[in-house]
Every structure is written in C-alpha cells, then in structure tokens.
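From first to last, the protein sequence lines stand for chains A and B.
According to this note's numbering, the first sequence is numbered sequentially starting from 1.
According to this note's numbering, the second sequence is numbered sequentially starting from 1.
A couple of the hints might just be wrong.
Chain copies aren't distinguished; within one or between two, either way the pair holds.
Stated by the list, open to error - Distance condition first, Cα-Cα at most 30 Å in a straight line; then the derived BS3-like pairs of lysine-lysine:
1) Lys309 / Lys111
2) Lys398 / Lys340
3) Lys111 / Lys340
4) Lys464 / Lys567
5) Lys600 / Lys567
6) Lys150 / Lys593
7) Lys95 / Lys150
8) Lys526 / Lys111
9) Lys600 / Lys70
10) Lys394 / Lys70
11) Lys340 / Lys70
12) Lys111 / Lys150
13) Lys398 / Lys70
14) Lys526 / Lys567
15) Lys111 / Lys567
16) Lys95 / Lys340
17) Lys340 / Lys394
18) Lys600 / Lys340
19) Lys593 / Lys567
By construction, these hints were calculated from the structure, which means they are not laboratory data.
Protein chains: 2
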Amino acid sequence: MAAGGVIAVFVTACCCISAAMAAQPATISPAASNIQKEKTVALQHTTDSLTILMLLGLLMLTILTVWLFKHRRFRFVHETGLSMIYGLIVGVIIKFIYATPTPPVTPDDSKVWAVLSESNNQTYYSGNAPPSLYISLPDSKNATANETFKYNLTSDGSAKPEPMLEKAVTFEPELFFNVMLPLIIFEAGYSMKRRHFFKNLGAIIMFAFIGTTISCLAVGGTMFGLTRLMSYTEFTLNDCFFFGAIISATDPVTVLALFHDLHVDVDLYAIVFGESVFNDAVAIVLSGSVETYGQLSGGKKFNAEAFFKALGNFLGIFGGAFAIGSLMGCATALITKYTKIRDFPLLETALFFLMSYSSFQTAEVAGLTGIVAVLFCGITQAHYTYNNLSAESKDRTKQLFELTNFLSENFVFLYIGVSVFTFQESRIRWDAGFIFASFLAIIIGRFLNVYPLSFLLNLGRTNKIGWNFQHMMMFSGLRGAIAFALAIRNTSTLPRQYIVSATMIIVLATVVLCGGLTTPMLQWLKIRVGVDEEMEMQQMPPNAVRSESGDPGEIPRTKGKAWLVAKWYNFDMVFMKPFLTNCRPTLMETLPKCCLPLAKLLTTEEQMTQGESHRDNDSDTDMIIDHSQLSIGESELSSIPSNHAENDTSRKLPIQEPETYDLGLGHNSQPMNLRVNLPGPAGDKV
Amino acid sequence: MAAGGVIAVFVTACCCISAAMAAQPATISPAASNIQKEKTVALQHTTDSLTILMLLGLLMLTILTVWLFKHRRFRFVHETGLSMIYGLIVGVIIKFIYATPTPPVTPDDSKVWAVLSESNNQTYYSGNAPPSLYISLPDSKNATANETFKYNLTSDGSAKPEPMLEKAVTFEPELFFNVMLPLIIFEAGYSMKRRHFFKNLGAIIMFAFIGTTISCLAVGGTMFGLTRLMSYTEFTLNDCFFFGAIISATDPVTVLALFHDLHVDVDLYAIVFGESVFNDAVAIVLSGSVETYGQLSGGKKFNAEAFFKALGNFLGIFGGAFAIGSLMGCATALITKYTKIRDFPLLETALFFLMSYSSFQTAEVAGLTGIVAVLFCGITQAHYTYNNLSAESKDRTKQLFELTNFLSENFVFLYIGVSVFTFQESRIRWDAGFIFASFLAIIIGRFLNVYPLSFLLNLGRTNKIGWNFQHMMMFSGLRGAIAFALAIRNTSTLPRQYIVSATMIIVLATVVLCGGLTTPMLQWLKIRVGVDEEMEMQQMPPNAVRSESGDPGEIPRTKGKAWLVAKWYNFDMVFMKPFLTNCRPTLMETLPKCCLPLAKLLTTEEQMTQGESHRDNDSDTDMIIDHSQLSIGESELSSIPSNHAENDTSRKLPIQEPETYDLGLGHNSQPMNLRVNLPGPAGDKV
C-alpha cells in the first residue's frame, strides 16, 4: 500500500513534469540551425523518455494493484480492465493538461511556408496531398550549387497543433502488431492445454472459422441496414463488412485469465480459448480480404471474381501462414534434436526465441499473416521442440514467454486506455447513434454465431454444449486489442473514423463490464468453477470417460468422421514425434524394417537413453501453464483403456498401457530385433 | 551443421527476396492517392519485416556458430567478433545488390517539387534547411476552404536516392541507447562479482575516472597535433576532445566474456570489468560535457566559465544518476520486502524489471545519463532486492537478464557489422590518414592511462598490479558499441563524419583482432587462467589472505584511508541491509534499544524466520554469474579472522565467525533482549 502511494506520487510527478514541459513555449529561431536541431532532438528524446516512464509507472501501478487484488482475493476487476481504467484516468489527465491553456499557440512566424512548384503537372488538393515534397536550396558559399531536400508528410497529414505528449502516447499499431501481438499469441500457442484443445477441436474450428464469418456477415449486414436507416450514407457495404470483420475478433486475454484463475470447467475453457485465439487470426485475414475485395471490386455492388479472389486470398493466407509456422517449429525441433546445443541452455533459449519470432516475420515478408504463423509455431514448438530442450531451457522458455506475455498484455490494455482520450481528433469521429447501432450489431452477430452453431455441434456431440455454456460463450465475447489495433490501423476515410470510435467504446465496455461480471455470471449460470483437472480425470472410471465423450476431435476413441484426425495422430506418433523429438519410441521402433538404416541415422543417443524420465516427455500433458498439473500424465494414462487399440486395425501406434510406463512396444510389429540395440537404462523398461 | 546449412539457405533466400524487391521499379502514380498510400505503407512494412528477418537470421546463424565453436572448444573468434564478421559479410552483399544496377532511378516526374513561400522572412540555404514545411492545399469540393499540411525533413536531410533496405539496416542509435544498452549495463551491474569488485574499487575508480579523462585528453591532444600536422583544418580543439571522449569508452562485452570463459585471474577480471563498465558512463557524460563546453564557449580558445560549467555538468550528471539508480533500487527493495508480492513470482519479476528500467528512463527525463543510473540500480538490486525475491524470481530475473543481455550484445555487434557498409554515404567521410592518426592517438591514450596509473596505484597496493597485468590491460582496451553509437549519433559536421569512419574501423579492428588474440596474449603474458575462485579462497590460509591484500577498497582489513568505506560498510550492515532486505540480522538486533518500536515495525515476519537458509541471503557472494560458485559463502567466511573486529572500535557490525553461521550477534551490544522475540528455526542459530 505504501508502495502504491510511492508509485502514485511518482506518476503524479511525471504528469507535473510533462505539464511543465508543455508550458515551455516552442521558440524556434532558425539562426543556429545545428544547435537548434540538436536541441529539438534532445527535447524529443526527453519527451519520449517521459512517455515511456509514464507508461512504466502505470504498469508498475497496475502490477501493485493486481497484487493487492490477488492478495485480498478480490476478483471484481481483472488486471486488463484495471490497466485500461488506469490508462483512461491518465489519458483524461493528459487531455486536461493540454486542453486547459487552449490549443498551445505555435508562433506563426516560426512556420516555414512553401508552395507547390508550377512544374508539377498534377493538381493537388487536400484529398490527395503528396506524400513527400522536394525543395532545392542554394549553398551559402557557392550560389550555383543547389542541394535537394526531401520532406515527408507527417503521419496525420494535417498541420493542426499536436502537443508532443499527446502525439507520443497515441497507440502505435505497428508496435502492437510486430512486437506485442506475436508475444501474446505465441504464448497462447505454447502454453495451450493441448489435450482439451484437441478434444474440442471440431467445435473450436466451427466457432472460429464459420462462427467468425457468420458474425462478420451478420454485423456487416446489420450495420448496412442500420446505416441506411439512420442515413449514414458514407458507409459502403464494404465498410460495413470491414467493421464486421474487425469487431468479430474476440479477445483471448481477459476472460481466459479469469477462467484460468477460477479453474472453470475444462471444456468451456478449451472452447472459449480456442475460439478466441483462432478468431483473431480469422478476423485479421478476413479484414484484409474485405479490403482486397473492396479494392478489386472498385465499390461495385457485387463482383464474383473479386469475391472469389478474396476467398482464395483468405484460404491462401491461412494455409501459407500455417505452413510457415509449423515448418519453423519443426526446424527448431530438428536443430535442438540433432545438435548438442542443449549443453548451452542460454544459446538454446536464444535460438528458440529467435526461431519462433522469425516465423512471424517470415510470414509477414511473404505477405501472409504472421499471427497465424506464430500461433502454429507455438503449438509445434510445444508439441515437438519442448521435448528436446534441456531442463533449464524448458523452465526458461516457459518463464520468459509468461513474463513477456504478461507485460505485453498489460501494456496493450494500458495503451488502449490512454489512447481513448489522447487519440488525434482528426482521426476519430464520435457519434452516439453509430456506437449504439454497432452495439446492437455485435450482439446480433454474437447471437447468430453462438446459438445456431452450438445447436449444430450438439447434433454430433455426445458431450453436449449445455445452455449455460452457450450463454457464457455469448457473454464472454469480449473485444480487445486486436479489434482496436485493426480499427486504428487505417483512419483515412470518414467511415473508418466512425469505426474507430465505436470499436474503442465496445472494447472499453466489454472488457470492463463483461470482464468484471464474469465471476457473477459463472455463478448465476451455475457453471462449475474450481475444477481440478487432475481430480476430474481420476474420478471418472475409464469406461465412463470413454462412453461420455464422442467429440469429433477426440483421438483414441476414433469414429468414422474423425478418420483424418486419427490418421494424423497415427502419423504423428509413428513418424513425426520419433523424427523430431528425443522422445521414445524411436524411429527404429516405429518404422518398418526396411527403413532401419535411415531410422538409425535419425535416432540420437539421447533418444536411446530416454525412457526413465518418461513423464517429462509426454509433452501433451506437460506443456500447460499450471505447474500443479504436471502430474496429469499418469492419470491420463489410466483413463485410456488398454484393450482399445484392437478397435482400429490401421493403427500401429503405441497406445500407453494403464498403470505402467510401457510405451506400447508390445503392440508394435517389430520390437524384438530392436531390443538388443537399446542401451541399459531404457532396456529394462521395454 | 545441417542446421547451419538450413539457416544459410534461409539467409540467402532473404537476400534474394530483397534483391527482387529492389528490382521492382518504384512506379508512383498519384492518381488513387489513398490506395497508393496504403500500398506504400504495406511495402514499407514488408521491407521492415525483411530487415528484421535478416537480422534474426544472422543472429540465429551466429548462435549456431557460437555453439559449434564452444562445442569444439575453438576460441579464436569470440561471438561478438563473429556477429560483426557476419554483419560485415551481409553488409557487403546488400551494398553489392544495391550498387549493381547503378543508383536506382527514381522517375523524376514522380517527385513533387515545392518552393519556399515569399512570406518567410528568413533566408534558407543548404546549411539551414528548415526542419519542417507547411503547405496549404485547397479542398477539391470547396475551393475557399484550405487545409494545411505539415512536412518534416527526412532524417538524413538530403534527397539522394536511398535504397529502402540500405536505409533500414543502418544502425539506429536511439534503439541502442534506449533498449539494448540499458539491458547490457543492468546485467553488468546485476551479475557483478561484487566481492572482487569492491576489493579493487580504488583501482577501478582510478582507471575509470582519472584514466578515462587522461585518455580523453591525450587522444584529443594527439589528434589536435596530428590534424594540424596533416592540415585537416576543419578540426577544432573541441572536435578533437569530443573524439577523445567517445573513443575512450572501452567495451565491457568481448574481453570480459572471454575472461569469464577462461576463468582468468580474479583481480585482473575485476579491474578490467570495473574499468570498462564505468568507462562507458564516463565517456558518455564526458562527450556530453565536451559538447556543452563547445556550445558554451562558442568555439573560443579557452573559456574558464564554460570549462567549469562542463565540469559541474559532469559531476552533477554523475551524482544525480547515481542517486536515481540507487534510490530506485532501494525502492524496489522496500516494495519487495514490505509487500507479500513474492507470493506471485510473475508479478514480482515484472515489477523488478519495470522498476529497473524506469531508473534508466527517470534519469533520462531528468536530463542525466541513464546508463549510470541503470548500472547503480543493477548493483543495488543485486545487493538488496535480490535477497527479498522469491526463489523463483531469483532464477527468473537472473535468466531473463542473462538472455536479454546475450541477445542485445550479439544484435549490437551484428548491427555494427552491417552498418559499416550500409551507412549512408552522406554521413561518413573515409580518410586513411585520419584513421591512421586516430589509431596512433588511441594507443598513446591507452598507454598514458594504464602504465602511469598502475604505477601510482602500486605505490599504495600490497597486491601489486604486475607488468603482465598492465600489458594485458593495455591490450584489452577494445572499443565497442558505445563508441560506435556515440560517434554516429551526430554526423552533422565534416569532422564528425571523419570521426564516424575512424570509430568504425577502430571498433572493427580491436574487436576482431584484439578479441581474437586475447587467449594467445594471456598465454604469452603468463597470466593464470582456469582459476577456480572458490579453490583460490580455500587454499589460502586465513592469515595469508589477510597479509597479502591491502587494497584501498578491501573492507574487513580497513586502513586509515578507507575510513569512509568502512563507515559505509558498517552503515550498510547495521542499517541498510536490515532495513531493506529480509536478511538477518534484523533492525531489532542492530539498532540501539531506543529505536526498538520503530525497528519492530520495520522488521517483517519473513525476516524473523530467516536464518537457516543463511547462505542464500549472503548476496555478496551469492549474486555471481557462475552457479558453481554459490558455495563461496563458507570459504569466504573462513578467510576472515575472528579476532579482527577488535582492531576497529568504531565498528559494531557483525563480523562473521569462521566455521559457524553465527551472524556475529555476540559482538553486538544488545543481543540478549532480542533472543526471546526470535521464532524457533532462527533461535537455535543465534
């Protein structure tokens, strides 16, 4: 508490300093231009530092408050909501400081005016101001020698007075998209509870892909209708669908953090998590496609070619990014398996970090979407590479990404809060009617997403999605940083400026209100909290588990429709895992006899000596945020009946026997000739 | 190796893509300005991503090569040298790609020309181009309404064709000074082997402050003489001293990493480490002061007022930054001690990280030097806060800073390498004569720094600095990132452009050559390597240690001149440590009786229950990079003779008894009344 006070004083001090700095008149005498330039740079540097310091102060304040709330078990406001509220308060203060002395008067004589040269054969007006200007100035000593200087249009494109700090604290979408977002999404993939995720894969894909598209169309359609009704004639159909696309991205941060803290029912958790993570990627790609479509169709009513191009674009971008992310993950797995880099955990962690981040940048360079790439890279890293890491690197990578994720999340929400009031006025248009209409539209969109799809899914699910889950999913459709960042990325037209304001309000309202009301809502809907995943699995008798769950994605109990999933699972166990990781079984055990020389080549010594620390390598259960759940491996094993493998003759994969650590080599067709090759410690297990 | 191949292919691919992109003609049709703008943004984004990707690829390549070298115990090139060499190669490739198709022809009709308006009452010429221009453009619909647009001068100030990638990969000093450098220096302070550092504090301060000033003056003077001799008349005395200041910063990265790997003699390590870390700060402040002096004196011969202002500036900046850094460290210690935030290691680590970084930004905002602040913040955090952290946070912070430090270092050297060839030609002037002169000057400067000061120091030291150590110090004066970044920060005048080229070559030559030759040099000078610090301390009998070392900074064996140090040590043990950390003894044990109520208030429960895990809390020995040395605590204790405390009557501080974990309460004046308050586990120790 004392500490909170210290920080508060400190933040106030920052604000005072900033106020003092703002009061300094901007006297620009162009006499000593060099010294002047240096001073400008220095002042800019100080302002930047002040902005950073202010954000750091706010982050610290948030952390201390979060701690206080956690300490007192006070769950009414979540940390992201808190960040945003603090940001809002500081935004108001900044606004107030800069608004009070009326728009800061920049002395007019310090402005250097220019006119466009007659030689330009293009007419320019305010709508198409040239992006850069060239002027030619004579040399002071040699009048015949001219030097050319290039001037760039300032980002906002207008010469309205821009108080420095105000400009500086405006949300920078590139920083978000290039640094924060990859970190957040990678962590989501890396720390995913993959078992429950894959169990609900069908539902997740349905909600994320079809649901988001439905939501996009519904919101777009509703907005189109409402804007006609309210005569916002500037809005084209394309603008409406663009809004639909960006606002359909639900936020994976706030609700999930609460769900995680509360140990909410695992299936609900998995579905909401999966939906919101994929959602973001879908929304990013979808909004890009809508823009592409708009550019191709040229504003015409409907253009089939442009539509299919946009669709192809969507699929191509998603597929390409998926491929890049997965391949980069596999490459990391290969490097960590076949080199002895694990002897130097620092190098290993650094490499892991860099390879993961480069999956993002590779996708961006290829014109795909980095977020999808980094998500799948995270999943692949967790599934394969994690097994190869040294124990120290396992800890390091987990902790590193946890920390960067935490900081990024809070920073983003803080930044959103500050931006709401400090966003450049020329780039935003406030309109109560439009905001109201958009709230209506997102409710309709979410409704048409959740309930019809749940109905359809329930037709095929044994483990139905109950009404209370559906209501909770409806309620937990918070909009967050992605929607915000997508909205402010382009504010060149009037409709886009309306969209920015509506998105801001929607993000604020949903994060603070829905985020804050999640706990009461869970109670009201009678959704189980405090579910101990491990206990859950142990208490159910194996047969109950087996009969109860019949999801399309559930692997060991394969049905016809999940044929592809089963095939993949088999391929993964027989080839991918032995090839890419240091886990048992080795390729020598899983591949047919004819491939033995190749298999020998691809099997490392580490892999041969594995076996004792079996549980460590069972990455599907191991790679979860919660350390208390590290022992799930055993309980999971016991939940899979041993006589199950006979159901599927196509499967050679080693199903784990209950209660023992036998890796299922007994089911394998050629175990006998391999046993001799196994070194001591593993030998007695086989 | 296969992995290295993969990465190499990948980097080549990047280069090809970049070449392909460069080949695209820049067709700018200003017709659809909005779409055009979006496309420009998109292209810029792709270029940025490509640059980042290229650097990531190079970093990965460096890591893999470093691993290979470590794996094969091949120590000829250090990782920083390696980064730089890779950077150089890629720089050449980029240069080659962009140089081949002759300067890319930007179609002249796409340039929009402007002329300065008649209304400006200032004459502009090429030397004082206005930093920003305003133009007024009519609205397309409403011709009477004009809108004003602001244009900023592009950073390089000229309109020479700038290939995008070339511009993008140029070293960005702000990124270095604001992000990389704080991380590197904080890690230096945080992981400092404080025991040896403080033992050699006198020598370190002497070399860092006096030595760097001598070096600055010597280099400046030599350069002034040589430039007169070679008739580079542009160089003022001020320019020469500026060069002297920036080039006197020796690099803490390369040599130390080698020393650390080789386990070089601990005293040599401490002196070189301390010198190079403080050095950087001194050089930064010194160069700033020289600039201030230049601005104040206005180029006149000598101006006493300006000189003393610059000196005052120097002292004020150093003192202020020291105060900010230390206070921020203490604030962190207080927060971690008096809140229970250690229950949530993630929050704790995040707070620790943010508070440390904000010490840097606070100092920058206050117009001081952030690097000094962050260095002392690091030292304070290690000395106090580290003791209060949860075990998980101890690990996390160490690992986090180790990783960020590693990445920053390599990134910086890589970046330097790439920049050498891609640095904008308008900002650099190559001249063999000047470069040769500067090499001569730095050798003279280093010589006048090392040998005379060693001589002076040896007069007072029992543990003399031998000739071989002096030669090694002379040899290990590598120049690194600081010198480079300081040089390229301002390239507005011709002398500064000469300085950039000389600094680049000096950095390259010293890092690659001296860095590579460190190991042979150590052998040749017969300097002990493979010194196990722990063994070192254990093998010496306590009395031998005592008589052998008589450094000014050595604390337990205080002499008259180190009175202040002893006072501080006493104050630290009696007040600061008990107040700021959870270590024993508590304030209740160290403060006089009258303060008991206050002391009780300031003693936490954690602190009371400490005692068993005594060694963990002895942060002076604990906070070292090398985990194998964690057990030094005991051996250090045994090296201090117990009968020593009687020599100094002013000292109430608890001298640790040999062979026992008694914290010296027997020497304390009021231990008896406290014992009753102590809870069980600690009680039996006291």
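Here is what the structure says about each hint:
no., hint, result
1, Lys309 / Lys111, "neither (48 Å within a copy, 34 Å between copies)"
2, Lys398 / Lys340, "both (21 Å within a copy, 23 Å between copies)"
3, Lys111 / Lys340, "neither (62 Å within a copy, 55 Å between copies)"
4, Lys464 / Lys567, "within (25 Å within a copy, 73 Å between copies)"
5, Lys600 / Lys567, "within (24 Å within a copy, 68 Å between copies)"
6, Lys150 / Lys593, "neither (69 Å within a copy, 73 Å between copies)"
7, Lys95 / Lys150, "between (33 Å within a copy, 23 Å between copies)"
8, Lys526 / Lys111, "neither (65 Å within a copy, 67 Å between copies)"
9, Lys600 / Lys70, "between (52 Å within a copy, 27 Å between copies)"
10, Lys394 / Lys70, "both (27 Å within a copy, 21 Å between copies)"
11, Lys340 / Lys70, "between (42 Å within a copy, 11 Å between copies)"
12, Lys111 / Lys150, "both (17 Å within a copy, 10 Å between copies)"
13, Lys398 / Lys70, "both (22 Å within a copy, 25 Å between copies)"
14, Lys526 / Lys567, "neither (38 Å within a copy, 65 Å between copies)"
15, Lys111 / Lys567, "neither (70 Å within a copy, 59 Å between copies)"
16, Lys95 / Lys340, "neither (56 Å within a copy, 35 Å between copies)"
17, Lys340 / Lys394, "both (15 Å within a copy, 27 Å between copies)"
18, Lys600 / Lys340, "within (18 Å within a copy, 54 Å between copies)"
19, Lys593 / Lys567, "within (21 Å within a copy, 77 Å between copies)"
This entry does not satisfy hints 1, 3, 6, 8, 14, 15 and 16, going by the numbered hints stated previously.
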